[in-house]
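Novice: These are the residues of each chain, in order.
6 protein chains.
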Amino acid sequence: MSQPKYVHALKDVPVPAREELDEGTQKYFAVCDEKLGMVPNVLAAYSFDNAKLRAFSDMYGELMLGESGLTKLEREMIAVAVSSVNQCFYCLTAHGAAVRELSGDPILGELMVMNYRAAELPAKQRAMLDFAYKLTKTPNEMEESDRQALRDAGWTDRDIWDISATVSFFNMSNRMAMAIDMMPNEAYHSQAR
Amino acid sequence: MSQPKYVHALKDVPVPAREELDEGTQKYFAVCDEKLGMVPNVLAAYSFDNAKLRAFSDMYGELMLGESGLTKLEREMIAVAVSSVNQCFYCLTAHGAAVRELSGDPILGELMVMNYRAAELPAKQRAMLDFAYKLTKTPNEMEESDRQALRDAGWTDRDIWDISATVSFFNMSNRMAMAIDMMPNEAYHSQAR
Amino acid sequence: MSQPKYVHALKDVPVPAREELDEGTQKYFAVCDEKLGMVPNVLAAYSFDNAKLRAFSDMYGELMLGESGLTKLEREMIAVAVSSVNQCFYCLTAHGAAVRELSGDPILGELMVMNYRAAELPAKQRAMLDFAYKLTKTPNEMEESDRQALRDAGWTDRDIWDISATVSFFNMSNRMAMAIDMMPNEAYHSQAR
Amino acid sequence: MSQPKYVHALKDVPVPAREELDEGTQKYFAVCDEKLGMVPNVLAAYSFDNAKLRAFSDMYGELMLGESGLTKLEREMIAVAVSSVNQCFYCLTAHGAAVRELSGDPILGELMVMNYRAAELPAKQRAMLDFAYKLTKTPNEMEESDRQALRDAGWTDRDIWDISATVSFFNMSNRMAMAIDMMPNEAYHSQAR
Amino acid sequence: MSQPKYVHALKDVPVPAREELDEGTQKYFAVCDEKLGMVPNVLAAYSFDNAKLRAFSDMYGELMLGESGLTKLEREMIAVAVSSVNQCFYCLTAHGAAVRELSGDPILGELMVMNYRAAELPAKQRAMLDFAYKLTKTPNEMEESDRQALRDAGWTDRDIWDISATVSFFNMSNRMAMAIDMMPNEAYHSQAR
Amino acid sequence: MSQPKYVHALKDVPVPAREELDEGTQKYFAVCDEKLGMVPNVLAAYSFDNAKLRAFSDMYGELMLGESGLTKLEREMIAVAVSSVNQCFYCLTAHGAAVRELSGDPILGELMVMNYRAAELPAKQRAMLDFAYKLTKTPNEMEESDRQALRDAGWTDRDIWDISATVSFFNMSNRMAMAIDMMPNEAYHSQAR
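Residue numbers (the working numbering), protein chains in the order written: chain A, 1 to 193; chain B, 1001 to 1193; chain C, 2001 to 2193; chain D, 3001 to 3193; chain E, 4001 to 4193; chain F, 5001 to 5193.
If we strip away everything but chain A, and leave its shape as in the complex, we get (with noise of 0.2 Å):
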């Protein structure tokens, strides 16, 4: 199996075992291990300095699981179509995992990694799309025009608040994964195929 060279490539900040954890990250952990059978490498990265990785994990609740207009499953579709732009491997292949067990459809999963101008989507979802593609691709030019387009696409402004920070938030967390060639879980890859 070709994949686990290593959780990320920066040999001077360890991963902590679990033993060495403060008792809250163990906890969080083990609840990690329950719901999800895993602790996603992401969280043991942040895991070498508390602060962080609450910072991280505060932000990545409020914004994929907490209240919004949008469905869960459609922030994680936005979060494989900006993290496709962008090539990371490690969000392509986490979130991936997400919109086919979300959706329990494993075509669609795909879909969203390799193009989603190939899938068969409701206007909503597309204009979605599209706003998260121009925001990731050429942030510079976006204009009223386009977050109209959303409204014109049955989107609130408040969708458009949510659409936005959750496009937003990946183009950070690929350039963090990418910067230290972070590497996901092998466990992701053969979920809900």
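No false leads were slipped in.
Derived coverage of chain A by chain C (criterion: at least 3 residues anywhere in the stretch with Cβ under 8 Å from a Cβ of chain C; other residues may be distant):
1. 52-61
2. 84-92
3. 173-182
With a Cα cut of at most 25 Å, we get these calculated SDA-like pairs of lysine to any residue:
4. B:K1005 / A:R193
5. A:K134 / C:K2052
6. F:K5134 / B:E1143
7. A:K52 / C:G2154
8. C:K2134 / F:K5134
9. C:K2134 / B:E1143
10. F:K5072 / F:K5137
11. C:K2124 / A:P14
12. E:K4072 / F:N5050
13. C:K2124 / F:Q5148
14. B:K1137 / C:S2145
15. A:K137 / C:E2141
16. F:K5134 / E:Y4133
17. D:K3072 / B:D1049
18. D:K3011 / B:A1149
19. B:K1124 / C:T2138
20. C:K2134 / C:E2144
21. F:K5124 / F:R5158
22. F:K5027 / F:G5037
23. F:K5052 / E:D4058
24. B:K1124 / B:N1140
25. F:K5072 / F:A5030
26. A:K52 / C:S2057
27. D:K3134 / B:Y1133
28. D:K3027 / B:R1054
These are computed hints drawn from the structure, not numbers from a lab. Beta carbons: idealized from backbone N, C-alpha and C, even for Gly.
Go by the hints and put chains B, C, D, E and F onto chain A.
Specialist: Then chains B, C, D, E and F, alone, in the frame of chain A:
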């Protein structure tokens, strides 16, 4: 399941039923059924015109199955890495499956689809994929130093011909598939996971 | 004066009046007033939702004000150089002011806004900004040699984490600001000139 | 005269002398001599391997000389417009000559080589070249509206197949020629001026 | 203060001392001193050769100060918006100051430097800057519809000449400045803040 | 013959008839007739305004015909290589003819139009064109190492000024020509073939 909307988007270029095909093509497709468990949609798409079908399959066969200093797996790795730059859903799906199959390493397939730079590869294969990436993305900037980098990594001039031909072929087939929105057979998605 | 058309373009995501905010946020904003002489519009924008505000400000604080091998000025230089690639009016304005302020060198702020390559910088800082530029523009092409260039310039692996995290964060906040056309407080423009 | 440094840059893939070729190829090349006044260097280059030569020339012949709703001139116009995006010296030279020859209009050849947008063309041909430009440059962004623009300009679905196939073919042959620095026959340059 | 490392990077093209200049140039520079409070570094740089200096300053004067349907401010806005695409430190500094000065609106200068799309502008000026952006970034894609968009926004053909000439001029002067790393006079930075 | 639709696309900026021009311009154009066998359309286009015509022709003359460490042919090679990146039909046509004429080598003209990398050039000229390519395409990324590469290839700082000025000038004139769809004189196409 989200995918099979059609074989391709050109309604007035119909995909002939199996029994409408001439005897030779029916035999060819029977061999496909036997060897691959399916007739790849790209062949079904071309089957409306025998000359086109034969031209395509002859070139494909010569390139991907003929004698070469590249292993079949290496040729498939190029196919997927090129298709990743161009984001071709059809070719990523079909040749991603081939990489998984030929390597017995499902993760290697994902790595080629998502970003070959995240893979831990022998330097020789890495040089091959770097050449493929540049030739796909900025062909106008190719120069002697790019060929020399392949020679330095252990490839012969004869190998460089085959690497170049493979990269070039998938820059063709990616565009053909994307121009007409060609859809891959569903079966690929679950193969060799 | 041309600027303050609004805090952002999403009319149906209103910016709460100060007195509408809960006590904790009011206190936080009072500290901003005291320390910065204003509440940055980005915080006002997020204040419609406490969880989002806290997630954003926690991550921001940890990253830009926490312990690091990078000086605060270096972190602000990254913020501006990244925002220059993405052409984010909000972040160039706010963090350009911060660079002027922290360095006591107004021209350094302009250099970061306009083109960091025109600045005469120590090789170590120049390597940091070259990494930031590439990670922002072509994240898919990052590789070990990019990390090694930072190490060669004198940065530790732990510093590379922080450089990466800062570049990544502003690729998020740039896009959030540009997606919703967020406008910076006017006061920034004249600060530390 | 500056050009004929070699047929291509791969020294260890020699170009066989005419008398070394098998009888079939010798006949084929004799026909080239008669019809074109030369054997195109691309064929000489492929002649080290009969299967490769036949695969290439069969596909080429079917595409450029077979039945189609596109005139031969239109196919050559696509060849040159695609090669202009990719800046392929071989194909611009050989197919630029073909456009001059088939149209009897030397300036049309130059327009296709330099920038097809400067040409005064029927709307139908202009739509064909706009499609060719986009499919060459950003294949990942192709969508139904691109095909519809061709239909609106008067092309049938069957024509769209041929336009797509021609654009795709030259994205292959451009890259093959540029990968190995293939040089065109000198004679092209002065043809049909 | 970080900036004035030199007037430009070409050590063997010295910048003559004022007293070495011929009488005509000394008078010209005295006028600059009087009107602008300085001799712009670009003129000092060209002063090693009278013919070059005169050619540059004649074209500049005709374009930026001559009769036109564009106000002087509009011409400066174009100068800065173009320089922002090309990220030219010299021109952003010098012409950013001019926009602040002519408009009496310091923020307008920042908007042009950072991203003109964030400015609230009359539709006519916005169309002018959209044309400038496209002509700078993808000149090969210009077409009649781009000129028509200017006419629709209220510009005459004669104005389109001047808009085009101004955009073109700064694509020249940006590149000249960046090719030789020309540094602007420090005084610009604090002007009209 | 496909070309001369007009001198340029701005109908309300008429091209004056020869007899309408003032005496000085008539004389200038008579010299053009004598030396070049035509009045280049670019001059006819500018002749509606004497100041603009003189500014353009003075700068052009100084740059392309004045004293320099670059031969006239080298300056024309730069003109064409720059125009090839920008795909300017006018300048490729007019200056492609000049390269053919000055070199007595028609193929060299084609090489500059199509892709200078396919030409077999002395290393010094190749370095000059590599600099021209980068300065045209990504001016924001120019740095000291680019200038040093020219010095290493044998160019003086004074030559670097002239190379830079020539590249810059054609980035201006390309854009002016493309902005207004300026058409070259037909006669160029057959010159020096």
